[in-house]
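Trainee: In case you want the letters, here they are:
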Amino acid sequence: MSLIDLSLCELRDKLAARELSAAEATAACLARIEKTEPEVSALLSVQAEAALAEAKALDAAGPDPDRPLWGVPVTVKDVLTTRGLATTCGSKMLKNFVPPFDATVVARLKAAGAIILGKNNMDEFAMGSSTENSAYFPSKNPWDLARVPGGSSGGSGASVAARQCFASLGTDTGGSIRLPAAFCGTVGIKPSYGRVSRYGLVAFGSSLDQCGPLARSVPDAAAVLKVIAGHDPRDSTSVNQPVPDYEAATRCCDLQGLRLGLPEEYWGEGVDGEVLASCRAAVDAAVAEGATVVPVKLPHTPYAIATYYIIAMAEASSNLARFDGVRYGYRAPEAANLLDMYKKSRTAGFGDEVQRRIIIGTYVLSSGYYDAYYRKAAQVRRLIRDDFDRAFEHCDVIVGPTCPTVAFPLGQMTADPLKMYLMDIFTISLNLAGLCGLSLPVGLGEVSKMPVGLQVFGPSFGEERILAFAGALEKVLPGLPRPAAV
Amino acid sequence: MAQYEAVIGLEVHAQLLTRTKVFCGCSTAFGNEPNENVCPVCAGMPGVLPVMNDKVLEYAAKMALAVDCRVNPRSVFARKNYFYPDLPKGYQISQYEEPLAEHGRLEIEVDGERKTVGITRIHMEEDAGKNIHSATENVSYVDLNRCGVPLIEIVSEPDMRSADEAVAYLKNLRSILVYLGICDGNMEEGSFRCDANVSVRPVGQPEFGVRAELKNMNSFRHVHKAIEYEIRRHIDCLEDGEKIVQETRLFDTVKGVTLPMRGKEEAHDYRYFPDPDLVPVVMDKVMLSRWRSELPELPEARKRRFMAEHGLPAYDAEVLTAERDVADYFEAALAAGAEPKQAANWIMTELLRELREKKVGALDCALTPQKLARLLKLVESGTISGTSGKQIFAELCATGADPDTYVKDKGLAQISDTGAIEAVLDEVLAANPKELERYRGGERKLTGFFVGQVMRRMKGQANPGLVNELLARKLG
Numbered sequence: 045m046s047l048i049d050l051s052l053c054e055l056r057d058k059l060a061a062r063e064l065s066a067a068e069a070t071a072a073c074l075a076r077i078e079k080t081e082p083e084v085s086a087l088l089s090v091q092a093e094a095a096l097a098e099a100k101a102l103d104a105a106g107p108d109p110d111r112p113l114w115g116v117p118v119t120v121k122d123v124l125t126t127r128g129l130a131t132t133c134g135s136k137m138l139k140n141f142v143p144p145f146d147a148t149v150v151a152r153l154k155a156a157g158a159i160i161l162g163k164n165n166m167d168e169f170a171m172g173s174s175t176e177n178s179a180y181f182p183s184k185n186p187w188d189l190a191r192v193p194g195g196s197s198g199g200s201g202a203s204v205a206a207r208q209c210f211a212s213l214g215t216d217t218g219g220s221i222r223l224p225a226a227f228c229g230t231v232g233i234k235p236s237y238g239r240v241s242r243y244g245l246v247a248f249g250s251s252l253d254q255c256g257p258l259a260r261s262v263p264d265a266a267a268v269l270k271v272i273a274g275h276d277p278r279d280s281t282s283v284n285q286p287v288p289d290y291e292a293a294t295r296c297c298d299l300q301g302l303r304l305g306l307p308e309e310y311w312g313e314g315v316d317g318e319v320l321a322s323c324r325a326a327v328d329a330a331v332a333e334g335a336t337v338v339p340v341k342l343p344h345t346p347y348a349i350a351t352y353y354i355i356a357m358a359e360a361s362s363n364l365a366r367f368d369g370v371r372y373g374y375r376a377p378e379a380a381n382l383l384d385m386y387k388k389s390r391t392a393g394f395g396d397e398v399q400r401r402i403i404i405g406t407y408v409l410s411s412g413y414y415d416a417y418y419r420k421a422a423q424v425r426r427l428i429r430d431d432f433d434r435a436f437e438h439c440d441v442i443v444g445p446t447c448p449t450v451a452f453p454l455g456q457m458t459a460d461p462l463k464m465y466l467m468d469i470f471t472i473s474l475n476l477a478g479l480c481g482l483s484l485p486v487g488l489g490e491v492s493k494m495p496v497g498l499q500v501f502g503p504s505f506g507e508e509r510i511l512a513f514a515g516a517l518e519k520v521l522p523g524l525p526r527p528a529a530v
Numbered sequence: 034m035a036q037y038e039a040v041i042g043l044e045v046h047a048q049l050l051t052r053t054k055v056f057c058g059c060s061t062a063f064g065n066e067p068n069e070n071v072c073p074v075c076a077g078m079p080g081v082l083p084v085m086n087d088k089v090l091e092y093a094a095k096m097a098l099a100v101d102c103r104v105n106p107r108s109v110f111a112r113k114n115y116f117y118p119d120l121p122k123g124y125q126i127s128q129y130e131e132p133l134a135e136h137g138r139l140e141i142e143v144d145g146e147r148k149t150v151g152i153t154r155i156h157m158e159e160d161a162g163k164n165i166h167s168a169t170e171n172v173s174y175v176d177l178n179r180c181g182v183p184l185i186e187i188v189s190e191p192d193m194r195s196a197d198e199a200v201a202y203l204k205n206l207r208s209i210l211v212y213l214g215i216c217d218g219n220m221e222e223g224s225f226r227c228d229a230n231v232s233v234r235p236v237g238q239p240e241f242g243v244r245a246e247l248k249n250m251n252s253f254r255h256v257h258k259a260i261e262y263e264i265r266r267h268i269d270c271l272e273d274g275e276k277i278v279q280e281t282r283l284f285d286t287v288k289g290v291t292l293p294m295r296g297k298e299e300a301h302d303y304r305y306f307p308d309p310d311l312v313p314v315v316m317d318k319v320m321l322s323r324w325r326s327e328l329p330e331l332p333e334a335r336k337r338r339f340m341a342e343h344g345l346p347a348y349d350a351e352v353l354t355a356e357r358d359v360a361d362y363f364e365a366a367l368a369a370g371a372e373p374k375q376a377a378n379w380i381m382t383e384l385l386r387e388l389r390e391k392k393v394g395a396l397d398c399a400l401t402p403q404k405l406a407r408l409l410k411l412v413e414s415g416t417i418s419g420t421s422g423k424q425i426f427a428e429l430c431a432t433g434a435d436p437d438t439y440v441k442d443k444g445l446a447q448i449s450d451t452g453a454i455e456a457v458l459d460e461v462l463a464a465n466p467k468e469l470e471r472y473r474g475g476e477r478k479l480t481g482f483f484v485g486q487v488m489r490r491m492k493g494q495a496n497p498g499l500v501n502e503l504l505a506r507k508l509g
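If you read the sequences in order, they're chains P and G. Under the numbering used here, the first residue of the first sequence is numbered 45, with each subsequent residue one higher. Under the numbering used here, the first residue of the second sequence is numbered 34, with each subsequent residue one higher.
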């Protein structure tokens, strides 16, 4: 088996045992990037020299048992700030922006000994479901280069699937980790709101954003989550609760007696047949191992999309106000006055989707509309959360398809933003409710031969529970081969 | 002609004296190099998050308690969205629907009439930075040192009816803030700022008139002038049957008039919504009662105590307690043995003038309360005259010299030796026979002439009371 096909946990153990050096692992990934990047376009920047130098420095110092990702090469979505390394958010607005500080999650990766190879492509400011909204270039799905990798963390999904790295950090506001994980056949975890620090995550929807790992297996993703999770005094919304051993949780249990909640709203109309079939087969596999199926109801699901887009866009319109060309980022060269500078800089610096969301967000917060939109959405949000609380009284985890379809062809949805928004239909409720979830690859679609993701929802701070279930289910499923296209 | 009544409500912004900013660890020090007190958080870099400085809550809550507000068990930060270069995030973190405190009140007194002004709300927020427009080049700069400095906004009910009442309210409010040690109250530097909402209505009409919001008033005098002007303007409009428009007006300090702001600058829809980056502020009951117990004696209570304990007239007590350090100075002087009324007189005239001229705080003055007490003793005992006491006051304030030593070294002690004075008096009478004759002829007003001659010969050091007495005896 070649080095790049090792799982993150296997690589980590070999590095710790000095069977492999950090420099070897880093060089293998960089070589893989060089080979696959022209096709998948998963990265906006690669810091080959710095990564190799870091790896050599680690090798010289020797493995450190207190650094759980010692020597493990990873990539990071370009919405997370990296000190001294450009952080563009996939936008022209921040083309030359080099942050003076590391995001807390990046600092924690570094402290754990991980080596950051580069920054992942993404939909501009994390707004999109296909990575086609990147201001630089679209990323491609390693399973079929004519298809999208999903979004907005599409570069992360593609990078992990193409074996450019052993894990990647993505961010998820309405499904942006889980969707690319499903489309690219990787595992992706959206942690509970408050589980992972948002400091250094360039905000899209502050009350919805969470950072989480994408990796090739459940234990791999859990190992990364363990490193990035935990209270951060720099983020008032991060919760001060101990971080369990997530990786151990993935190996702790079998499926005997686990109650799987299947919401009727997620298993019927609007879902492609091959997606339903693959997900159904995974549930059957769990049942064969002793799990039981419980029908549950999430009756406010039909309101989730509207609620989500009001809240996310309202927050985005405010969060993106700081990009005004005054202190950093793009400034239009010829402006007659201050207002003109704002208008020209923001018009030229932001792409269409970002501008669309800023305009809608500004509208729903406007005086006279606030009550009808934002306040109402905040109330519905509460009802959606109540739906989940009630459902979890009857089951341990909730499962359903991550997305109604497999990865779609590039260009197919770009003309119809509303259709694109519907890709999030199964993922956004989780963000609205602040709960945790993950997407687990459960096979390839019969027709498309593209990966299908099963979404596993858990209660707030129930990461151990969903990881235990996903870890056990992963073991009984056949697993995916290396993506065909690369 | 109809009788009109003005209706005035005030919004005060007070800068809190915390060491660090409200949502980051940067210093709040005034007067540093531009952008010296700036970090990624207050500069609004992408990805940063605010974290509340607990001291701000303590200071704001203490002010709320001091003016009898109900402190809400839960309050929420909200974003006030607008674009301006001195506002790096594109929004100001403030409080909106759920403020820290509500329903307070403040007593004021104008021309002996007492009145209660309602306080609608007190909320916490961050200050913006400053735009600096170059005088020589066609460029502007932004200084973010002040950006993120904590403020409280104190909104009054529209309970005031005259400029005098408005100023009385502001003075009381400022004095409380300074007493609490949470604001330096400096209006010129902008740490205590005020906007006024002014409207006018015919007496007896229950509805308010259309109001104007006045800005740019950097002293109590400006506030007074601007409000007076605005009331006059409204009355003139009403008399002439003109329509008053609701607008924001700036006080022109040079011309003494208010002028409308350009329309565009005030056309704001702030799109307030709860700030998702900050959790609601939950007020701990135990903490609140601890803060309540830590409140110092406030100006109004202290004023009443000064009247009761030291027999001071209301006016004196008011002046002495307006500033906490002046009141502290007064009490320290009494503790050092000064007589209350004398101390009050000297502090209200001599000391306050010196403090104003030298721009120093009472407790920073080199003439300490103990030294003032010594000086008053020298006057009281007749060692020096009140006049020479006043003459050396500035010098003592400047040098901090010990009054006893100073008087001795400069030979300022009065001569109260009757023999010495009599000898000089005899000389004077002998040297001015004509005047003596006229005096004996009935020109009694020449007394002053003889006293003046004696004082001159004795270089002003003779005890004037004694000179008069001896003269009367000699000529009588």
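Don't read these hints as lab results, they were simulated from the structure. Predicted, not measured: the structure shown is a model, and the values here were computed from it. Some clues are possibly wrong.
Per the computed footprint, the stretches of chain P lying under chain G, defined by three or more beta-carbons under 8 Å from a beta-carbon of chain G, are [what the hints assert, rightly or not]:
(1) 109-119
(2) 189-196
(3) 275-281
(4) 443-457
Covered by chain P, according to a simulated footprint, are these stretches of chain G (three or more residues, beta-carbon under 8 Å) [claimed, not checked]:
(5) 79-87
(6) 94-104
(7) 117-129
With a straight-line cut-off of 25 Å between C-alpha atoms, the simulated DMTMM-like cross-links for lysine to aspartate or glutamate are [as the list claims (entries may be wrong)]:
(8) LYS139/P - GLU190/G
(9) LYS113/G - ASP316/P
(10) LYS420/P - GLU130/G
(11) LYS204/G - GLU190/G
Just so it is clear, CB atoms sit at the ideal spot from N, CA and C, and this is done for glycine as well.
Trainee: Are any of the numbered hints broken by this structure? If so, which, sorted upward?
Mentor: 1, 2, 4, 6, 8 and 9
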